Each structure stands twice: as C-alpha cells, then as structure tokens.
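A.B. asks: Listed below are the residues making up each chain.
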Amino acid sequence: MIGAYILLVEWTRALAATVPGAALAAIVLGGAALTLTVIGWPAAKLGLGTSRWGLRIVGGLALAAVLLLPAAVRANEAPIIPASLAVVAVIISVAQELAFRGVLYAALDEVGGAPLAIIGSTVAWTAAHALSHPLAFLGAVAAAGLLLALWRWACRDLVGPIIGHVIADLAL
Amino acid sequence: MNRPLLLAVAATVYLTAAWMVAPGFYDGIAPQQPYNFVCLPPIAGANSGQPAQPGHLVIKVIDGISDTNSVFTNDGQVIVSFLPGAFDAKGKTQVVVDVKPVSPCPNPPDLHFSTNVYLVKADTPLIQTASAAEPCQPSCIGLRYSNLIPAPGVIYRAADANGPWKSIGGTEAQPFVIRTPTNQLGYFAAGYPANATSKPTGTSQLLPIAVAVLIVGVLVASIPLAMVRRRRGNHVDEENEEDETDVIPRT
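In order, the protein sequence lines correspond to chains V and R.
Going by my numbering, the letters in the first sequence line up with residues 147 to 318, in that order.
Going by my numbering, the letters in the second sequence line up with residues 65 to 315, in that order.
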C-alpha cells in the first residue's frame, strides 16, 4: 500500500509537471504528499536517530561526492539548475528520501528483511522516475537508489542519504 | 558480507552507470527532452536533440475580434499566446500566425543568446498599445531554454534578424521557461548582455571545486571520527552498538 501510494504520488507529480505553469506546484505538493508517509513511524525506524551526527553528516557528504563525481569530471556538460529552483530541489530531495529510504524501506524491512527492503525500495525508486526521466537515465537512477539503500542498510541511517541527495540535486 | 565492501561496489556501479549518460539528476525540475538547437553550443555535445521545429496557427476572427489562442512550435520550445482581440482584424475571418527558427543564427556582439532566435509573424498586425502589460496584453511569448547553458535573464525582440535587439523583460514562468508580454511580433530570443557583470555562471568551474572540497572535507573529518570510534571500541562492548541508530558500517 505504501509503495503504491508513493508511486502514485511520484507519477502524478511527473505528469502534472508537464502542464505549463504547474511544475513548481507539482513539486511542492508532491513533496508534501510524500512527506505525509512518515506519519506514525518512529524516527528511529526511519533511520533518523539522534546519535552519531558526525558520522551521519560525513557520510552524507561522502555520498554527495560520489553522486556528483561523474558530473564534476565532465563539468562542461553538466546541467545548470536555476537558483530559483534551489528550494524545490531541497523539498523534493528530502521528501523522496523520507518516502523511499525511510518509510518504504522500513515497511519492506518489517515484511521481508533487509534484502527485500534494499531491492524493493530501489525498484520502486527506479519505477517512480520512469515518467520523469529519459529511459537511458534509469540505469543511473537505479544505481543511485541502490547505493543510497545500501547505505541505509549498512549504517541504519537516513540522514546521510538525505544530505547526499540534497547536495546532489542542488548542484545539478 | 562485508558492508563497506558492498557500499564500495555499489558506488562503483553507480559511477559506471552515471558515466554512461549525460550528467544530471532531473528530479522533475529539468527539461524532459534535450533542447533543439539551431546552432549547437560546444557544450551540447551528444545532447543536441533534433532540428528545431516551426509552429503554425490559424486564429478565428468573429465580428472583427480575433479569438484567444496560442501558437506552439512542434517541439514546444516556443509558445505565443494571444488574448481576444489581440489582432487588428477588422474585415478578416482569420489570422495566420507562423513561428520559425532562424538560420543562420544571429550573433549580436553585445548579447549572448541562450535560446534559438525565432521569427514570429502574422498576416495581421497586433493591436497598437502603448506598451505590453501583464499578464498577456495583447500577447505574450514564452521561450524554453536548455539546462546545459546559463539561464537567460530577459527576452530580446528585434524587427530584423540583424538587430537592433531590445530587451522586453522576462520572468521564469516555470522551470526552464522564460516568458514576457509583447505588443509587437518579430524576431525573439532569450539571453543576457555579453558584458553583464552578474551574468549566470555555469557549473563548469564550481562543480569540480565543490566535489574536491567535499572529498577533502570527508577525508579530514574521518580522522577524528575514526579516532573516536577506535577509542570507543576499546571501551564499549560491540553488543551495545546493535541499536537502530547505529551508523557505523560493520564487517
């Protein structure tokens, strides 16, 4: 149910973003709808515990470095996000992490353990981007999702993926 | 299995997969198709898309008043909207509007164009107003631009492809689309002054520096964190770290 809801929100957001003048509203409302999924979940279950902030933050910076490295090496080809989109980039990055690596991961972990949580959240993450991304990008999207999900599993942490995702989206 | 090793493998897989496509994450805030350039900028590379497309529209005229309508280029890179009565169409039954990408590309020395130059023409003149006013009186034009190059600041208009070009303003109506009202048709392009002191800067210089800073920061910060972990490892039983908030990758 949670997975279906998240996919429905993401696909609706992707389709709504194609309507002239509706893109920003779609991102903000879509982000809010994704964030609603955290209701009822303890922070610790989502990987949002309050211990070891240093490691979580450094981990997030390391994830951001990995996510941005291919673009940094080819900086002349890197896209440029207008500064006016910085806020919505942050909104959607945080919301996606809460939904995919937070709630969906935790729900799948309860049902089938870590393997199902990692694979399931990665598949859902990739499927969610199917309407908003060119087909050729989905391999990289899936690989990014797998990396973030593995971090979530290995470190039981969602702060790192949030930081990494936000920085990556702000830069690109 | 060794968790740090799995993370390293996943990072390698990501780097390989990301290297095989153009950079960018496109979380719903970037154009979903490449910009169709008439004259390819060097950075476009393999992302050049298809040839830029023209647009055509026939607007009905009823009792001398032209209907409201919008003309699009077939690739959606230009939209020109007309309010009711936008044209001086007395005695006519229709107004024909055409949008064509201009080739060769005009290259005024004092401007940088971020978009193609488009010629928007109609067989009937727009009504004469002192100046165009928001929101779209009598018409407005929106130009999509590429995410590969610096964003334009304004839309420029000219009666001739060789200029002179006049700024008619522009606001970002939606991501990667700049829009402004206009009371005249002619040649349009979005861009910014060549000598602009605050012209948009690309990621070409900033991104490598930012990533280098991230890497150095991670390495530097890891040293005290590793020392803390080692010290803790000497005093704390591993069993005590098996809680939900443990963030140390274990082997």
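Since the hints were derived computationally from the structure, they do not count as laboratory data.
Note that the coordinates shown come from a computational prediction; the quantities given were computed from them, not determined experimentally.
Please note: incorrect hints may appear among the correct ones.
What the hints assert, rightly or not - If the Cβ cut is set under 8 angstroms, some of the chain V residues that face chain R in the computed set are: (1) ALA178; (2) ALA179; (3) VAL184; (4) GLY186; (5) TRP187; (6) ALA208; (7) ALA211; (8) LEU214; (9) VAL240; (10) ALA260; (11) PRO261; (12) ALA282; (13) GLY285; (14) LEU292; (15) LEU293; (16) ALA317.
Stated by the list, open to error - Taking CB as the label site, the calculated pair distances span: (17) V/ALA189 - R/ARG293: 29 to 39 angstroms; (18) R/PRO189 - V/VAL233: 36 to 46 angstroms; (19) R/PRO68 - V/ALA189: 20 to 30 angstroms; (20) V/LEU262 - R/MET84: 50 to 60 angstroms; (21) R/ILE287 - V/ALA178: 18 to 28 angstroms.
Said to hold, decoys possible - Some chain R residues well away from chain V (every beta-carbon gap over 12 angstroms; in silico): (22) THR80; (23) ALA82; (24) CYS103; (25) LEU147; (26) ASP152; (27) ASP162; (28) GLN192.
Note that CB positions come from ideal geometry on N, CA and C, so glycine has one too.
A.B. asks: Run every hint past the structure and note whether it holds.
C.D. replies: Taking the hints in turn, this is what the structure says about them:
Hint on V/ALA178 is violated. Least Cβ distance to chain R is approximately 14 angstroms, over the 8 angstroms limit. Violation of the interface hint for V/ALA179 is found here, the shortest Cβ-Cβ separation to chain R being roughly 13 angstroms, above the 8 angstroms cut-off. With a cut of 8 angstroms, the hint placing V/VAL184 at the interface with chain R is violated, because the nearest CB-to-CB distance is about 15 angstroms. A cut of 8 angstroms between beta carbons decides the hint on V/GLY186: the least distance to chain R is about 16 angstroms, and the hint is violated.
Using the Cβ-Cβ criterion of 8 angstroms, the hint placing V/TRP187 at the interface with chain R is not satisfied: the shortest such distance is roughly 12 angstroms. Because the beta carbon of V/ALA208 sits about 5 angstroms from the nearest beta carbon in chain R, less than 8 angstroms, this interface hint is met. Taken as an interface hint, V/ALA211 checks out: its beta carbon lies about 4 angstroms from the nearest beta carbon of chain R, inside 8 angstroms. With a least beta-carbon distance of about 5 angstroms to chain R, the hint placing V/LEU214 at the interface is held under the 8 angstroms criterion.
A hinted interface residue such as V/VAL240 counts as satisfied when its beta carbon comes closer than 8 angstroms to some beta carbon of chain R; here the least separation is about 11 angstroms, so the hint is violated. The interface hint given for V/ALA260 is broken, as the beta carbon of that residue sits about 11 angstroms from the closest beta carbon of chain R, more than 8 angstroms. The closest approach between the C-beta of V/PRO261 and any C-beta of chain R is roughly 11 angstroms, which is over the 8 angstroms cut-off, so the hint fails. A distance limit of 8 angstroms between C-beta atoms decides the matter here; for V/ALA282 the minimum to chain R is near 5 angstroms, and the interface restraint holds.
At about 5 angstroms, the closest approach between the beta carbon of V/GLY285 and any beta carbon in chain R falls short of 8 angstroms, and the interface hint on this residue holds. Contact between V/LEU292 and chain R, as hinted, is supported at the beta carbon level, the nearest pair being about 5 angstroms apart and thus within 8 angstroms. Interface hint status for V/LEU293: upheld, as the beta-carbon distance to the closest one in chain R is roughly 4 angstroms, under 8 angstroms. Hint status for V/ALA317: holds, given a least beta-carbon distance of 6 angstroms to chain R, under 8 angstroms.
Between V/ALA189 and R/ARG293 the beta carbon distance is about 23 angstroms. The supplied range of 29 to 39 angstroms is therefore violated. At roughly 42 angstroms, the beta carbons of R/PRO189 and V/VAL233 sit within the given window of 36 to 46 angstroms. Checking the proposed 20 to 30 angstroms range against R/PRO68 and V/ALA189 shows it holds: the Cβ atoms sit about 25 angstroms from each other. Taking the beta carbon of each, V/LEU262 and R/MET84 are about 28 angstroms apart, not inside 50 to 60 angstroms as hinted.
The supplied range of 18 to 28 angstroms is broken by R/ILE287 and V/ALA178, whose beta-carbon atoms lie about 40 angstroms from each other. Residue-level check failed: R/THR80 sits 8 angstroms from the nearest beta carbon of chain V, not beyond 12 angstroms. For R/ALA82, the shortest C-beta to C-beta distance to chain V comes to about 4 angstroms, within the 12 angstroms cut-off, and the non-interface label is violated. With 12 angstroms as the threshold on Cβ separation, the claim that R/CYS103 sits away from chain V holds: the shortest Cβ distance comes to roughly 17 angstroms.
Chain V leaves R/LEU147 outside its interface by the beta-carbon criterion, the shortest separation being 16 angstroms against a cut-off of 12 angstroms. Chain V leaves R/ASP152 outside its interface by the beta-carbon criterion, the shortest separation being 27 angstroms against a cut-off of 12 angstroms. At roughly 21 angstroms from the closest C-beta of chain V, the C-beta of R/ASP162 stays outside 12 angstroms, upholding its exclusion from the interface. No beta-carbon of chain V comes within 12 angstroms of the beta-carbon of R/GLN192; the shortest separation is about 28 angstroms.
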